[in-house]
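Participant: Chain residues, written in single-letter form:
There are 2 protein chains.
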Amino acid sequence: MRLATLKSANPDGGLVEVSDDLSTCRPLKAGTFQAALDTGNFGADADWHNFDASDCVSPLPRAYQFLDGSAYVNHVELVRKARGAAMPESFWSDPLMYQGGSDGFLAPGDDIVGDPAWGIDFEAEIAVITGPVPMGASLEEAASAIRFVMLCNDVSLRNLIPGELGKGFGFVQSKPACAFSPVAVSPDELPGWGNGRMSGTVYVDFNGKPFGRTDAGIDMTFDFPRLIAHAAKTRHLAAGTIIGSGTVSNKLDGGPGKPVSEGGAGYSCIAEQRMIETFETGAAVTEFMQPGDNVKIWMEDASGRSIFGTIDQSARAL
Amino acid sequence: MRLATLKSANPDGGLVEVSDDLSTCRPLKAGTFQAALDTGNFGADADWHNFDASDCVSPLPRAYQFLDGSAYVNHVELVRKARGAAMPESFWSDPLMYQGGSDGFLAPGDDIVGDPAWGIDFEAEIAVITGPVPMGASLEEAASAIRFVMLCNDVSLRNLIPGELGKGFGFVQSKPACAFSPVAVSPDELPGWGNGRMSGTVYVDFNGKPFGRTDAGIDMTFDFPRLIAHAAKTRHLAAGTIIGSGTVSNKLDGGPGKPVSEGGAGYSCIAEQRMIETFETGAAVTEFMQPGDNVKIWMEDASGRSIFGTIDQSARAL
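Order-wise, the sequence lines are chains L and U. When you number the first sequence by the UniProt record's numbering, it's gap-free, plus one each residue, and the end is 318. When you number the second sequence by the UniProt record's numbering, it's gap-free, plus one each residue, and the end is 318.
Next comes chain L alone, as it looks inside the complex (with noise of 0.2 Å):
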């Protein structure tokens, strides 16, 4: 089952079932995501229309609940070797996991709005929307709780992390409202998914231009099940919980990985870029999104055909 939100005065949208193509589409009876969550009713009595990805918010406009993880563990090393911090070895074995903010998230095309000097910057992610989750969930329950996957633009403002983390409260300001894909499809419908995890290409344009082809499937840590257990160790997750993956990460031949025009992998966040950078010249060169700087994030079926739309963001000035 494919499901999208179209935008209307209701702060949670119109909750609509899309076609296999993403062409057409019929609301279904819930009225919304969460209330299709919370009561198991995904059925719908109307007739198929017209679909536009454009008239989508996000599948859930605002959710309880927003965890995310650092699954690509090779990103964590990576940035933090940008920042010029180690990183404890015990990262490959405990996964890292922040909450972040649930209550309004941006449309798959809206701008992203902020201050060029926080350092703003896009983060490519695998996502799941659970049902709820037992307290101490063994990683089988975990898994049997994913009901829908989307991909996210876990949007990060770089230049106000360093003093975040140093708090170690975790992310307040340097993490923004995130975006989501237009569509969120049910696991039986997707053909890469497999051992708790989405396999195949996410697909990065930094204005226009390939930036990060990375496989979704590669180098993931810790898999969903593994991230939703750990989430859920000392409490209930309640249905509509949004688990995120962290920056999809690949390595190349065991180091980082190279850039799309050299006929690497490339990044899924510019962060990634910006370190090999540091770490070849010696200073990075490829500044943090500016004012008119879009991004496009999706990925393709075996046929080359969109499977949860694209988030196609511009950054704009406060």
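Note that these hints are calculated values from the structure, not bench results. Just so it is clear, CB atoms sit at the ideal spot from N, CA and C, and this is done for glycine as well. Mixed in with the good hints there might be a few duds.
The following residues of chain L were derived to be distant from chain U, with all beta-carbon distances above 10 Å [claimed, not checked]: (1) Ala46; (2) Gln173; (3) Val285; (4) Pro291; (5) Ala302.
In silico SDA-like pairs for lysine to any residue, Cα to Cα no more than 25 Å straight-line [claimed, not checked]: (6) U:Lys29 / L:Ala85; (7) U:Lys167 / L:Ala86; (8) U:Lys81 / L:Leu165; (9) U:Lys7 / L:Pro132; (10) L:Lys233 / U:Lys29; (11) L:Lys29 / U:Ala9; (12) L:Lys167 / U:Lys81; (13) U:Lys167 / L:Arg158; (14) L:Lys167 / U:Lys167; (15) U:Lys7 / L:Asp12; (16) L:Lys233 / U:Gly166.
Following the hints, complete the assembly by docking chain U onto the known chain L.
Facilitator: Leaving out everything else, chain U in the frame of chain L:
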């Protein structure tokens, strides 16, 4: 206006207006607290009937956002001293705040379920519920967004905190579901409200004995408008955002306070009491919550009447 939410089949419960003396209530047309905040419709057209706080769930049984500050910096200094960690001077001018879980709060009378080895502690706090707050809100805008005030028990798992603080990503496992008072009260109905904060004694009884009698209006380094503006620096806050004060904590003659049993104002969490014991005797004596241990948190008006109802929770083993 005094509002509470009665348990119902709806995960968001049923919103009621409560009389001044907390003896009667009547349903509000909006149905749920979030719907009233979303629409601004706080109207009622039903009859008053008996109000029993034991029928209450959290005023917002689940919320889109809970951000918890550490406005009583004295508390931060004490718990860090107890861990042997120095406190950066910047903590006196730059608020500490973490994004807390908000997908499901405990009811005011719910057991706190957990493994005693986690170091289960309570934290008595003041919390406010906001209307919508624009990104970059001024202190005046932040102040005017405060809609309701309530009490919070920010349950903390002390033995899991140092590991998560060390990772820098904030609290996920070490801050499980917290609880709020049965009744949320608008500032205009609170004689103790002024200067962006709530004044008056926060009563904390632990196992039936006075444990905390701190004054919430004293030693609050950052008032609520300041906390809200901090949260809104880089993002909008949705209506229904809950902002917590952090553990209410009073100094005594510039140093740590004394237990109630020794004539002091006592403490709003066990961790502070243990810290004082460590200072005085070299070792903490008071254990964190064991199965069956009970905490009660409430405030009273000038006539001794309960303002918000009572948070009354016992620990229970997993």
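Participant: Are any of the numbered hints broken by this structure? If so, which, sorted upward?
Facilitator: 2, 6, 10
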